[in-house]
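Given next are the chains, with one letter for each unit.
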Amino acid sequence: MSKISIVFDRVRAEEKMLQKEAEQLGYDTTSIDAKITRFNTESKKADYDFGNVVLERCVSYFRGIHFTACLEFLDIPVINTFEVANNCGNKMLTSLLLSKHKVPTPKTYFSFSADAARENLDKVGYPLVIKPIIGSWGRSVVPLKDKDTVDALFEIREFTDGPHDRIFYLQEMVKRPPRDLRAIIVGDEVVAAMYRKSSGFKTNIALGADPELCKITKEIEDLCLKASKAVGGGILGIDMMEDEKRGLVVHEVNNTVEFKGLAKVATKNIPKAMVEFAVNSVRK
Amino acid sequence: MNCPDCDGNINVPADASVGEIVSCPDCGADFEISKKDGSIELKKAETVGEDWGE
Ligand SMILES: Nc1ncnc2c1ncn2[C@@H]1O[C@H](COP(=O)(O)OP(=O)(O)O)[C@@H](O)[C@H]1O
Ligand SMILES: [Mg+2]
Ligand SMILES: [Zn+2]
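Going down the list, the protein sequences come from chains A and B. The first sequence maps to residues 189 to 472 in this note's numbering. The second sequence maps to residues 699 to 752 in this note's numbering.
FYI, nobody ran anything at the bench for these hints, they're computed from the structure. Worth double-checking, as some hints may not be accurate.
Said to hold, decoys possible - The calculated lysine-lysine pairs, modelled on DSS-like cross-linking and capped at a C-alpha distance of 27 Å, are: (1) A:Lys-448 <-> A:Lys-406; (2) A:Lys-403 <-> A:Lys-290; (3) B:Lys-742 <-> A:Lys-233; (4) A:Lys-414 <-> A:Lys-456; (5) A:Lys-417 <-> A:Lys-403; (6) A:Lys-385 <-> A:Lys-311; (7) B:Lys-733 <-> A:Lys-233; (8) A:Lys-311 <-> A:Lys-417; (9) B:Lys-741 <-> A:Lys-232; (10) A:Lys-208 <-> B:Lys-733; (11) A:Lys-204 <-> B:Lys-733; (12) A:Lys-333 <-> A:Lys-311; (13) A:Lys-208 <-> B:Lys-734; (14) A:Lys-385 <-> A:Lys-295; (15) A:Lys-223 <-> A:Lys-414; (16) A:Lys-448 <-> A:Lys-414; (17) A:Lys-363 <-> A:Lys-414; (18) B:Lys-742 <-> A:Lys-204; (19) A:Lys-448 <-> B:Lys-741; (20) A:Lys-191 <-> B:Lys-734; (21) A:Lys-295 <-> A:Lys-333; (22) B:Lys-733 <-> A:Lys-456; (23) B:Lys-733 <-> A:Lys-448; (24) A:Lys-417 <-> A:Lys-433; (25) A:Lys-204 <-> A:Lys-191; (26) A:Lys-403 <-> A:Lys-333; (27) A:Lys-208 <-> A:Lys-191; (28) A:Lys-448 <-> A:Lys-385; (29) A:Lys-204 <-> B:Lys-734; (30) A:Lys-460 <-> B:Lys-741; (31) A:Lys-295 <-> A:Lys-390; (32) B:Lys-734 <-> A:Lys-223; (33) A:Lys-433 <-> A:Lys-333; (34) B:Lys-741 <-> A:Lys-208; (35) B:Lys-733 <-> A:Lys-223; (36) B:Lys-741 <-> A:Lys-223; (37) B:Lys-733 <-> A:Lys-191; (38) B:Lys-734 <-> A:Lys-311.
Turn these sequences into a full structure, and let the hints guide you.
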């Protein structure tokens with residue numbers, strides 16, 4: 189019988205659903221708190237009780253990806269893999285990969301100092317959207333519409349001066365309806381999709397946007413498959429916008445996808461699909 | 699259980715699991731349910747970090 193572990197740092201509705209589905213499918217299931225787990229360079233797989241496969245579900249991205257590195261060191265299969273977490277956790281890497289794999293994506297500019305970013309803005313013109321390369325829930329995603337906003341924002345960046353503040357990720361402002369799209373893909377299967385509607389600029393559910401179930405069209409399915417392939421596959425949340433002219437563009441791929449709202453309205457059982465995918469991925 | 703901060707009464711559901719967050723209805727502080735030597739205790743919850751999210 190397969191044994192599956194769910195690694196968490198904070199138990200949310202998602203982690204409880206995963207635990208429940210795994211148990212109902214008859215798998216030996218344990219939830220493991222990343223915050224109280226230790227590893228060392230001589231650790232062996234047998235020292236731990238992770239089972240055949242791990243679902244890494246930490247809310248903290250850095251905690252999750254470093255934990256994943258330790259699990260892979262022990263040759264324990266993890267979903268998602270370190271490589272995928274790395275590709276999705278950093279928006280610049282994601283944009284590069286999407287473009288490289290010919291997945292339609294908003295035009296995005298990269299520069300490595302405030303001066304170069306200003307020059308970029310002078311050349312391209314307003315508006316552009318600035319995003320931290322590592323971040324989520326819409327945090328610090330800001331539409332830049334004029335020079336005053338840019339000056340204020342860059343000044344703050346200079347003060348905070350985190351290692352990632354020196355990387356400037358600027359993106360064309362996509363002309364879209366007041367919503368975007370989120371699809372969840374598990375392996376090769378798009379299991380659910382929703383519109384996220386908001387009167388504000390950002391349409392993150394975490395910021396209060398309204399979810400509305402969306403039919404999984406062929407276009408959505410094809411795009412999700414391509415985007416998933418570009419970052420390395422697994423269990424992913426694909427964010428898309430409906431561009432006026434180009435149709436759907438992918439702007440982000442999420443590594444530790446949240447699905448509690450969607451699970452209530454989706455026709456497919458999302459956590460069940462995730463557990464089955466994890467178990468099957470190590471059976472092959 | 700009593701709130702470690704304000705002594706208010708925090709209701710910990712019977713089916714709550716370790717790692718879940720409960721809030722104090724009186725002062726609003728968040729606590730993580732943890733287990734020490736087999737018994738439940740309330741640990742100060744981590745605050746939202748720059749790297750938190752999906
Ligand atoms: N280039 C853009 N044009 C228009 N809206 C955008 C653009 N980029 C992001 N948004 C809006 O901001 C939200 C958050 O951006 P996103 O890149 O998904 O960052 P996060 O990882 O914080 O969710 C998106 O869901 C969308 O509503
Ligand atoms: Mg997003
Ligand atoms: Zn209190």
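Verification of the hints:
1. A:Lys-448 <-> A:Lys-406: Since the Cα atoms of Lys-448 (chain A) and Lys-406 (chain A) sit roughly 25 Å apart, the hinted pair holds (cutoff 27 Å).
2. A:Lys-403 <-> A:Lys-290: Judged against 27 Å, a Cα distance of about 24 Å means the pair holds.
3. B:Lys-742 <-> A:Lys-233: Violated: Lys-742 (chain B) and Lys-233 (chain A) sit about 31 Å apart, past 27 Å.
4. A:Lys-414 <-> A:Lys-456: holds (21 Å)
5. A:Lys-417 <-> A:Lys-403: Holds, because 22 Å separates the two Cα atoms, which is no more than 27 Å.
6. A:Lys-385 <-> A:Lys-311: violated (32 Å)
7. B:Lys-733 <-> A:Lys-233: holds (25 Å)
8. A:Lys-311 <-> A:Lys-417: Violated - the C-alpha atoms of Lys-417 (chain A) and Lys-311 (chain A) are around 33 Å apart, more than 27 Å.
9. B:Lys-741 <-> A:Lys-232: violated (30 Å)
10. A:Lys-208 <-> B:Lys-733: holds (20 Å)
11. A:Lys-204 <-> B:Lys-733: holds (17 Å)
12. A:Lys-333 <-> A:Lys-311: holds (14 Å)
13. A:Lys-208 <-> B:Lys-734: holds (24 Å)
14. A:Lys-385 <-> A:Lys-295: Given pair Lys-385 (chain A), Lys-295 (chain A) holds - Cα atoms ~23 Å apart, limit 27 Å.
15. A:Lys-223 <-> A:Lys-414: violated (34 Å)
16. A:Lys-448 <-> A:Lys-414: holds (25 Å)
17. A:Lys-363 <-> A:Lys-414: holds (23 Å)
18. B:Lys-742 <-> A:Lys-204: With Cα atoms ~21 Å apart, Lys-742 (chain B) and Lys-204 (chain A) stay inside 27 Å; holds.
19. A:Lys-448 <-> B:Lys-741: Distance ~25 Å between Lys-448 (chain A) and Lys-741 (chain B) Cα, so the pair holds.
20. A:Lys-191 <-> B:Lys-734: holds (26 Å)
21. A:Lys-295 <-> A:Lys-333: holds (17 Å)
22. B:Lys-733 <-> A:Lys-456: Roughly 35 Å between the alpha carbons, so the hint for Lys-733 (chain B) and Lys-456 (chain A) is violated.
23. B:Lys-733 <-> A:Lys-448: Within the cut-off at roughly 26 Å; holds.
24. A:Lys-417 <-> A:Lys-433: holds (25 Å)
25. A:Lys-204 <-> A:Lys-191: holds (17 Å)
26. A:Lys-403 <-> A:Lys-333: violated (34 Å)
27. A:Lys-208 <-> A:Lys-191: Satisfied, since the Cα-Cα distance of roughly 14 Å is no more than 27 Å.
28. A:Lys-448 <-> A:Lys-385: holds (17 Å)
29. A:Lys-204 <-> B:Lys-734: With Cα atoms ~21 Å apart, Lys-204 (chain A) and Lys-734 (chain B) stay inside 27 Å; holds.
30. A:Lys-460 <-> B:Lys-741: Roughly 31 Å between the alpha carbons, so the hint for Lys-460 (chain A) and Lys-741 (chain B) is violated.
31. A:Lys-295 <-> A:Lys-390: holds (18 Å)
32. B:Lys-734 <-> A:Lys-223: holds (14 Å)
33. A:Lys-433 <-> A:Lys-333: holds (21 Å)
34. B:Lys-741 <-> A:Lys-208: Holds, because 25 Å separates the two Cα atoms, which is no more than 27 Å.
35. B:Lys-733 <-> A:Lys-223: holds (13 Å)
36. B:Lys-741 <-> A:Lys-223: Holds: Lys-741 (chain B) and Lys-223 (chain A) sit about 12 Å apart, inside 27 Å.
37. B:Lys-733 <-> A:Lys-191: Judged against 27 Å, a Cα distance of about 23 Å means the pair holds.
38. B:Lys-734 <-> A:Lys-311: violated (59 Å)
Comparing the model with each earlier hint shows violations of hints 3, 6, 8, 9, 15, 22, 26, 30, 38; every other hint is respected.
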